[in-house]
Amino acid sequence: MSEPLLQVTDLVKHFPIKRGILIDREVDQVRAVDGISFSIEPGQTLGLVGESGSGKSTACRAVLQLIKPSSGSVRFEGQEIAGCSRRQMRPLRREMQMIFQDPYASLNPRKRVGQIVGDPLKRQRVASGGELRKRVQELLERVGLASEHYNRFPHEFSGGQRQRIGIARALALRPKLVIADEPVSALDVSIQAQIINLLDDLQDEFGLTYLFVAHDIGVVRHIADRIAVMNKGEIVEEGEADQVCENPRHDYTKKLLSAVPVPDPREARERAAKS
Amino acid sequence: MTATPILAVDDLRVGFATEGGLLQAVDGVRFRLQPGEVLAIVGESGSGKSVTAQTIMGLTRSKNARIEGSVRFEGEELVEASDATLRRLRGDRIAMVFQDPMTSFNPVQRIGRQIAEAMEAHRGDLAKGEARARAIELFEAVGIPEAERRVDDYPHEFSGGMRQRAMIAMALALEPEVLIADEPTTALDVTIQAQILRLLEDLNRERGLATILITHDLGVVAEVADRVLVMYAGKVVEQGTLEEIFYDPQHPYTWGLLGSLTRLDRPRPKRLPQISGAPPSLLDLPQGCAFRPRCPHEFDKCPQVPGLEGRLAEAAEHRYRCWLTPAEKRAKRQVAGQIGLEAPAP
Amino acid sequence: MLRFIVRRLAGMVIVLFAVSILVFLVFNVIPNSNPAERLAGKNATPVLVKSIEEEWGFDKSLPEQYVTMMKKVFNGELTSYSPRIPVDERIAEGIPATLSLSIGAGIIWLFFGLLLGYIAAVRAGGPLDKFLTGLSIAGISIPVFLIAPVLIYFLTYKLEIFPSGGYVPFSEEPWEWFTHLILPWVTVAILSIGFYSRVLRSSMLDVMNEDYVRTARAKGLSERQVMTRHVLRNSLIPIVTLFGLDFGATVAGTAIITESFFNIEGVGLYAAESISKLELPPIMGVTLYGAFFVVFVNALVDIAYAYLDPRVRLGTAAR
Numbered sequence: 024m025s026e027p028l029l030q031v032t033d034l035v036k037h038f039p040i041k042r043g044i045l046i047d048r049e050v051d052q053v054r055a056v057d058g059i060s061f062s063i064e065p066g067q068t069l070g071l072v073g074e075s076g077s078g079k080s081t082a083c084r085a086v087l088q089l090i091k092p093s094s095g096s097v098r099f100e101g102q103e104i105a106g107c108s109r110r111q112m113r114p115l116r117r118e119m120q121m122i123f124q125d126p127y128a129s130l131n132p133r134k135r136v137g138q139i140v141g142d143p144l145k146r147q148r149v150a151s152g153g154e155l156r157k158r159v160q161e162l163l164e165r166v167g168l169a170s171e172h173y174n175r176f177p178h179e180f181s182g183g184q185r186q187r188i189g190i191a192r193a194l195a196l197r198p199k200l201v202i203a204d205e206p207v208s209a210l211d212v213s214i215q216a217q218i219i220n221l222l223d224d225l226q227d228e229f230g231l232t233y234l235f236v237a238h239d240i241g242v243v244r245h246i247a248d249r250i251a252v253m254n255k256g257e258i259v260e261e262g263e264a265d266q267v268c269e270n271p272r273h274d275y276t277k278k279l280l281s282a283v284p285v286p287d288p289r290e291a292r293e294r295a296a297k298s
Numbered sequence: 310m311t312a313t314p315i316l317a318v319d320d321l322r323v324g325f326a327t328e329g330g331l332l333q334a335v336d337g338v339r340f341r342l343q344p345g346e347v348l349a350i351v352g353e354s355g356s357g358k359s360v361t362a363q364t365i366m367g368l369t370r371s372k373n374a375r376i377e378g379s380v381r382f383e384g385e386e387l388v389e390a391s392d393a394t395l396r397r398l399r400g401d402r403i404a405m406v407f408q409d410p411m412t413s414f415n416p417v418q419r420i421g422r423q424i425a426e427a428m429e430a431h432r433g434d435l436a437k438g439e440a441r442a443r444a445i446e447l448f449e450a451v452g453i454p455e456a457e458r459r460v461d462d463y464p465h466e467f468s469g470g471m472r473q474r475a476m477i478a479m480a481l482a483l484e485p486e487v488l489i490a491d492e493p494t495t496a497l498d499v500t501i502q503a504q505i506l507r508l509l510e511d512l513n514r515e516r517g518l519a520t521i522l523i524t525h526d527l528g529v530v531a532e533v534a535d536r537v538l539v540m541y542a543g544k545v546v547e548q549g550t551l552e553e554i555f556y557d558p559q560h561p562y563t564w565g566l567l568g569s570l571t572r573l574d575r576p577r578p579k580r581l582p583q584i585s586g587a588p589p590s591l592l593d594l595p596q597g598c599a600f601r602p603r604c605p606h607e608f609d610k611c612p613q614v615p616g617l618e619g620r621l622a623e624a625a626e627h628r629y630r631c632w633l634t635p636a637e638k639r640a641k642r643q644v645a646g647q648i649g650l651e652a653p654a655p
Numbered sequence: 014m015l016r017f018i019v020r021r022l023a024g025m026v027i028v029l030f031a032v033s034i035l036v037f038l039v040f041n042v043i044p045n046s047n048p049a050e051r052l053a054g055k056n057a058t059p060v061l062v063k064s065i066e067e068e069w070g071f072d073k074s075l076p077e078q079y080v081t082m083m084k085k086v087f088n089g090e091l092t093s094y095s096p097r098i099p100v101d102e103r104i105a106e107g108i109p110a111t112l113s114l115s116i117g118a119g120i121i122w123l124f125f126g127l128l129l130g131y132i133a134a135v136r137a138g139g140p141l142d143k144f145l146t147g148l149s150i151a152g153i154s155i156p157v158f159l160i161a162p163v164l165i166y167f168l169t170y171k172l173e174i175f176p177s178g179g180y181v182p183f184s185e186e187p188w189e190w191f192t193h194l195i196l197p198w199v200t201v202a203i204l205s206i207g208f209y210s211r212v213l214r215s216s217m218l219d220v221m222n223e224d225y226v227r228t229a230r231a232k233g234l235s236e237r238q239v240m241t242r243h244v245l246r247n248s249l250i251p252i253v254t255l256f257g258l259d260f261g262a263t264v265a266g267t268a269i270i271t272e273s274f275f276n277i278e279g280v281g282l283y284a285a286e287s288i289s290k291l292e293l294p295p296i297m298g299v300t301l302y303g304a305f306f307v308v309f310v311n312a313l314v315d316i317a318y319a320y321l322d323p324r325v326r327l328g329t330a331a332r
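Line by line, the protein sequences are chains A, B and C.
All residue numbers for the first sequence refer to the working numbering, where the first residue is 24 and numbers rise by one.
All residue numbers for the second sequence refer to the working numbering, where the first residue is 310 and numbers rise by one.
All residue numbers for the third sequence refer to the working numbering, where the first residue is 14 and numbers rise by one.
Please keep in mind that the hints were generated in silico from the structure rather than gathered at the bench.
Cβ coordinates follow ideal geometry from the N, Cα and C atoms, glycine included.
Accuracy of the hints is not assured; some may be wrong.
[What the hints assert, rightly or not] Dumping the calculated BS3-like pairs for lysine-lysine here, alpha-carbon to alpha-carbon at most 25 Å:
| no. | chain 1 | residue 1 | chain 2 | residue 2 |
| --- | --- | --- | --- | --- |
| 1 | A | Lys157 | A | Lys134 |
| 2 | C | Lys290 | C | Lys85 |
| 3 | B | Lys372 | C | Lys290 |
| 4 | C | Lys85 | C | Lys73 |
| 5 | A | Lys199 | B | Lys372 |
| 6 | A | Lys278 | A | Lys297 |
[What the hints assert, rightly or not] Among the chain B residues that face chain A by a calculated CB cut under 10 Å, a handful are:
| no. | residue |
| --- | --- |
| 7 | Ile376 |
| 8 | Gly378 |
| 9 | Leu387 |
| 10 | Ala440 |
| 11 | His465 |
| 12 | Ala496 |
| 13 | Glu510 |
| 14 | Asp526 |
| 15 | Val530 |
| 16 | Glu532 |
| 17 | Gly565 |
| 18 | Arg572 |
| 19 | Asp574 |
| 20 | Pro588 |
| 21 | Leu617 |
| 22 | Arg620 |
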């Protein structure tokens, strides 16, 4: 019985709301993440679905200890990491990486692509000099770019290409866990398919485990083995991807499913006539 | 089409002089918009769809822009029209909703004030409280709760979906005849997107508001549009009714767009059908059909630019830019049981 | 908004407290010298030094010395040693002149700086813009101590259009007050006109590319309405902050040089005299006065900024 790669239990993150003219008093809390639990087996993909404000992005950051959880447990490969200091997390950062949503904001515009992808390798002292360059160029090609792109700047690329750069950066250290926070939401629908296929291929090739976060349950269905639906800081439904999509039990899940546009004019009309 | 169109665009060309040469963003676009109709213009980033829409209102005029062709609104020619003429029409007869409602509102002015400004620009005789009262009415019409209070809020105090509703309210203030919605749902969550689309549909139905909906997502089009224009690299590559586009698409690009949509009603495919590659740089277009590098069905006629023609006997207005014969198309567009595009041969 | 104002003013008090401690440390605690000797100034006698030591309590502990100094400041007991004049009286006498100089110059530089900046932005890239840019850079580059003598030489000595110096209170002779201040005003304003026109130009060019300007056009507003109501209004916000900083710096700093050149008896001239005589009590007094002014104006500017840009106000969030 293998151990899950990531096990999250009762994770909570509250942000205080302060009021007062001169002195701050905490009057209430924003319960961004209000006690969620899930686990991901190695090599699997968990899709975390919810609207803006559901707490899914906060949950990602709390799992990676980029923000300190208010309470709860996060076990990575059996090791408890919730509440770890930055120094304690440092060696673990090689094993867990993140892909961000906005391909225009998540890449430093002043750095060249080779630098952006190679920096993690440099900082974690994995490679340097010519060896570093070779590895970065291989990575660039693996994500569908050309090795000549090494010297270019982010603004010379389209949104889909920038997202590929972000993926290359995340994979540079050969992590075990990759958290993708809405990686395709900012892209054209036709490019979304390319990136999802790429992520799928890379998962097989590199043996990656994904936590895939999105607001569109249709997109998540393609890549996820299991789906967890998040609303107002809580997970309201969880199960196998096909099960959740075909037999949703919670009302909120049904709401998310009905929001996915139906690309079929006759069916769309029928659906509209019914509601 | 026997009715007189409210908007008639003919051979519209928009080019921008850049350091790398003349960038032809729009290259010979032609369409008609009928009163009360919803026309969807679909394409990826760089296809020229936004530039087309903004040019209709004259918003692309600048020192380095070359605009040719004809845009006729209720018979009045707009391409060469004076700034004063365009200003008269903007907001009052033709209104526009933009993609990002956060940056499209002035961050330091109350939203009610910005809506009132739109009204005051065209109706000099408005009584003092009238503009504000009308803004509250509009908020209610687009479904913003607590309208009376929220009219005095600043843009950053609204959520994304509410902001977009406010933007639509502002566009409706003067009861225009044409609404141009430029990617109105792209920056929104899928659940909010559904609400906004429903709102646009209701407005179209209740007010007979002719709408041009610009998007990169064919999926949103199926619920709202009457006719569809598909654009690629500045040209229209297919146009027809909603049913024609979805059930009998005649251009490989359209097949690719349809294939890459997520469908909850079908079992998930092993690999999502995709369109490989990326849209071409407008400064470096392939010879002939611009879609060639990404098209798995390219053959020896493709280096010649195909004309926009309709050769289907049963649908004369269904036009497309592709050399393949209708019979060949019907055969080639089926990939794993549904319409899509196979990956191009290596 | 109230919350913001109260906090900002409270912050101001704390900053002033910190400034007073810094002044204290600088003047009284510099190692390797006897503070009493320094306080006594150039014309010190041993008797004077001894009496200062007792008066100021330099044999006591540091916190006690600080309290002693603060008591002297607030009770108006700070006096210079030669001549024996209470510092706070002299400062109070000089304030009208300094404020006349600073406020007048401020109005002039704001008006012309913004006007030139607006024109340059609206005609960006054209020959007028390039000309104004050159003019601005010239203005920024010429130091006060060069402009002042040049103006004095040509316009008061050679051409005798303006009086060569001195200050006439407004209450005595309004016209004389005015003519005596024109050259000093120009001297102080030239640098800032250049600077402000550059800042407004660049701020406007940024704002002109914003999406909401496009929305304003799409609503059918005229170019002029778009420029004033949306572009200019939003471009002015950074100028407000800048003006606060600059105005404070002018009152507390630039005034010193300008008043010296034009022989205007304001606080700046007093500061210059005290510095050359190395009289510490007046220098301390002027420093504290200057610090108060700068901190106060900055607090006002922050409050004005929060009023102009609602996003900055604390405690409001998207619902």
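Open item on the list: Next item in the hint list is Asp526(B). Is there a CB on chain A closer than 10 Å to its CB?
Closed with: holds, 5 Å
Task: Agreement of hint Asp574(B) with chain A interface, Cβ distance less than 10 Å - done: holds, 7 Å
Task: Restraint outcome when Gly565(B) is required to lie within 10 Å of chain A by C-beta distance - done: holds, 7 Å
Task: Cut-off 10 Å, beta-carbon criterion: hint that Val530(B) touches chain A - done: For Val530(B), the interface hint holds, since the closest Cβ of chain A sits about 8 Å away, which is under 10 Å.
Task: Satisfaction of hint between Lys85(C) and Lys290(C), Cα-Cα up to 25 Å - done: holds, 21 Å
Open item on the list: Need the status of pair Lys199(A), Lys372(B): alpha-carbon distance at most 25 Å?
Closed with: Violated, at roughly 53 Å.
Task: Agreement of hint Ala440(B) with chain A interface, Cβ distance less than 10 Å - done: violated, 32 Å
Open item on the list: Ile376(B) was flagged as interface toward chain A. Is the shortest Cβ-Cβ separation under 10 Å?
Closed with: Check failed: Cβ of Ile376(B) comes no nearer than 26 Å to chain A, outside 10 Å.
Task: Given hint His465(B) near chain A, where the shortest CB pair must fall under 10 Å - done: With a closest approach of 15 Å, the His465(B) hint is violated.
Open item on the list: Holds or violated: Lys372(B) and Lys290(C), Cα atoms, limit 25 Å.
Closed with: violated, 63 Å
TODO: Would you settle whether the hint for Arg620(B) is holds or violated, based on the nearest Cβ-Cβ distance to chain A being less than 10 Å?
DONE: Status violated, d = 23 Å.
Task: Lys278(A) paired with Lys297(A) [C-alpha distance capped at 25 Å] - done: At roughly 15 Å apart (the allowed maximum being 25 Å), Lys297(A) and Lys278(A) satisfy the hint.
The structure does not agree with the numbered hints 3, 5, 7, 8, 9, 10, 11, 21, 22 stated previously, though it agrees with the rest.
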